[in-house]
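Engineer: Sequences listed follow chains Y and G, in order.
So the first sequence is numbered by this note's numbering: it starts at 1 and just counts up by one.
So the second sequence is numbered by this note's numbering: it starts at 1 and just counts up by one.
These aren't lab readings, by the way, just hints derived from the structure by calculation.
Hints are not guaranteed to be accurate.
Claimed, not checked - Here are the simulated DSSO-like cross-link-like pairs (lysine-lysine), alpha carbons at most 30 Å apart as the crow flies:
(1) G:LYS24 x Y:LYS105
(2) Y:LYS105 x G:LYS78
(3) G:LYS24 x G:LYS68
As the list claims (entries may be wrong) - If you want the ones that stay clear, here's a sample from chain G, every Cβ over 10 Å from chain Y, calculated:
(4) GLY16
(5) LYS24
(6) MET60
(7) GLN80
Note that this is a predicted model, so its numbers are computed, not measured.
In this text, a Cβ means the ideal position worked out from N, Cα and C, and glycines have one as well.
So you can see what is in the structure, the chains are spelled out below.
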Amino acid sequence: GEDVEQSLFLSVREGDSSVINCTYTDSSSTYLYWYKQEPGAGLQLLTYIFSNMDMKQDQRLTVLLNKKDKHLSLRIADTQTGDSAIYFCAESPLNQAGTALIFGKGTTLSVSS
Amino acid sequence: DAGVIQSPRHEVTEMGQEVTLRCKPISGHNSLFWYRQTMMRGLELLIYFNNNVPIDDSGMPEDRFSAKMPNASFSTLKIQPSEPRDSAVYFCASSLGDKGGYTFGSGTRLTVV
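Chain Y with its partners taken away, still in its complex shape:
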C-alpha cells in the first residue's frame, strides 16, 4: 500500500544543520514535496523535487532523493529558531493534475538557542 514514514521529532541547536528523513513506498511517484506547518497555520509548500533528480538546493534547504531506496531527506543549514515547525513529506503517485498527495505524519523540529 501507499505510505509515507517520518520520524516524529527532531531537536537541534541554533546554527546546527537539521536533517529530516522520509521514506515512501510508491515508486510511481513523480514529485515529492516538503511542507512546513507553523503553529496555528496551514501547511506551506517549502520545496519539491522531481523524481529524476537526485538533489535540489534552494538557499538553506537541500533536498536529497534516493529513488532506489525510496528515501527523501530535507537538510536545513544554519537552523534558526524560526525554523521550529512541523515538516511534512508528501508524495504524488501519478503525474496528473489534482491527484491527491499522500502525507507523512510530520516531523516536529525544535530549535533551541
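Assemble the complex: chain Y is given as a structure, and chain G must be docked to it using the hints.
Structural biologist: Okay, now just chain G, sitting in the frame of chain Y:
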C-alpha cells in the same frame, strides 16, 4: 491572490448540531481537497474534487460527513450530526497541475462539546 480562504477559523458547537465549514479556493485552481488533522491520526484526506466533481471520498469517515462543490470558487464540508470525536482542524487546499503542490488554507478548528 488572497490564497485559500476558509471560514470560520474557529467553531465550537454542541454534540448533535450541524456544522458547515466553507472554503474558497484560489481562482483558476481546478482541484480542491479537504483534510482533517488530529494529533492521533495526523493529516487525513477526506475528499477531493477535480473540476467541481468529487473524485475520491473514501476518506470521509461516515455518512454524517458530506461535501459539495457547487462551483469552481466554493466548497462546503458538512457534519450532521456532529460528535465530540469530530473535533479536529479541518483544512482545505487547492491546486493546479502536478508540480506546484497544494496551497492550504489556514484551517478551521472545530471543537464539539
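Engineer: Return the numbers of the hints above that this structure violates; sort them in rising order.
Structural biologist: Of the numbered hints, all hold.
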